[in-house]
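If you want the building blocks of each chain, they are given just below.
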Amino acid sequence: MTERTNHTLAVKTTKVEILSSEERLPIKVKEDVFLVRGAKRGAICDTNAGNVYSINEFAVKVIAGQQDDPEYQAQLQQMGLTNGERPVPQEVKRAEPKLNFVWFEIISDDCNESCAHCYAESMPPSHRKALGIENGDNPQILDPRPKLKVEEWQRLIREAFDLGCRQCQFIGGEPFVYHDGGKRVIDLAAYAKEVGFEFIEIFTNATLLNTGTIQRIKELGVHMAVSLYSSVPDVHNSITHLPRSHQMTTNNLKRLKEAEVPTRVESVLMHANQHTVAQTMIFIDELGFEPHNPDVLRPKGRGDNPEIQPDDEYLVRYGLMLGPNFSAPKRVFERYSSSHSCLAGKITITDRGDILPCIFSRDQVTGNVVKAGSLKAVLEKDPINDIWTTTKDDVLVCQDCEYRYVCFDCRPLSQGANGGREYQRAPYPRCTYNPYEGEWGGGTWKLDENGNPYYDETLKPIIEKVRSDGNLGAQTKGH
Amino acid sequence: MKEAVLEKPTIELVTPPITIENCKPICEPVCAPSIWPNFCGPTQCSPAKDRCSPDCGPDTNCRPSNW
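For the protein sequence lines, the chains are L and A, in the order given.
Numbered as in the working numbering, the first sequence ends at 479 without a single skipped number.
Numbered as in the working numbering, the second sequence ends at 67 without a single skipped number.
For the record, the hints were derived by calculation from the structure and aren't laboratory data.
Keep in mind the model is a prediction, meaning the values are calculated, not measured.
There could be a bad hint or two in this list.
[Unchecked claim] Only pairs whose alpha carbons sit at most 27 Å apart, straight line, appear in this in silico DSS-like list of lysine-lysine:
no.	chain 1	residue 1	chain 2	residue 2
1	L	Lys61	A	Lys8
2	L	Lys376	L	Lys193
3	L	Lys465	A	Lys8
4	L	Lys149	L	Lys129
5	L	Lys446	L	Lys465
6	A	Lys8	L	Lys28
7	L	Lys218	L	Lys149
8	L	Lys149	L	Lys93
9	L	Lys446	L	Lys61
10	L	Lys40	A	Lys8
11	L	Lys147	L	Lys183
12	L	Lys381	L	Lys98
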């Protein structure tokens, strides 16, 4: 298990309050209602109603029984948040997550596109040849280990199911490029269906679909996820580096729609397409799919390039948490306090058999199914279980925040934003809350050269501008 | 010995109400990677419905807007 230690922290050269291990424990104030203390303020999480309340430090003291305020105590009782019981600190137990989702990365290197931001650094074999990178020539660029055969994929699909997993996604590279022994991705999806998987999705650029394939997808009940980077063909094609890819993708999206295949359309926000985000969402809507905000580029693989990151204003508008907006259903509170909000129970299996905690965590190989002999043998080891049970209590800064048991977390994003350091401890880079001051919107958290967190105020003017425009970012729309 | 209260304690709800208007933003992915399937899906999270599915949450991978 990760060693969990307290730390010291300076913000603007001023020492700030760091929660002790005891102060980090949630306090049960009533059945299913908890007080969570932050360094400055506190949060009441009512897991019955799913509501989260922000309270100041004086309220924390009143609820914790350190101060008296009969009027306030009566107000809380009237709101159904307390019932006069004595507050009791609750030990937080780590969960023992079971496998519940697998990304089968059946083809890691090969894709008919060569996207500017690809986390797996995939490209067509012909591009590699042109670049002088061929199989085995440069192990640092292309893994020389043999790829899993179709029979091995089938064995892994079966084993994952036998371990209790019922949901999976086939991804690459481009999964529709995959072929081995006359089998293609749709055959593996059919096998997963036959084995008993209840949710099967293929993540694709949709350029290689044909009528027969779409019909088979429909018959199997397979879900599709399709990348579309812009409504503007030249912008999309400049990202994929495949001429006419926009036309091929949109044509096949229309065919998927006509065939009533459950399909979601996903986009990634980067510098090249930032100016077309709004019109792309309209375009996706007009195609008949549910539009939603793009995923801001994660600095992984070829995406780890400052030149292709979106401008700060777009990052602030689409990627940052600018204000509090939390909910606390019971299972969210229970899960986030005992295991990782995202990673628990999930794995990626690459085409060389490596087990990663997620598709973006390329450097966190927690085992190899070929070496270990089975998936079960890898999942019984500490590395993956340690990652599955990492919580905000382990993350710098977040561990001192009162919202730590109701807030989402992304480890590869945090690591990527901090120069690839501290996979399990790097502060979450898209939060603007300063729990030591109890204030939102002053900056974002980063690690300095010594690995200590600091509140970087570089983005503060842009955050203020976006807030004054009335756009509080994607997180607070509708709030 | 309890201290005297020098300032007034406060309380502020920071959970948005689940309504037709904010159903979609609540379920919209923000921080979660786009590669995540959204098991909740448009059929459950669409504003055409009067609220997000009660099944929205970490198990369904339906991301609340603050994720």
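Hint numbers not upheld by this structure, sorted from lowest to highest: 3, 8 and 9
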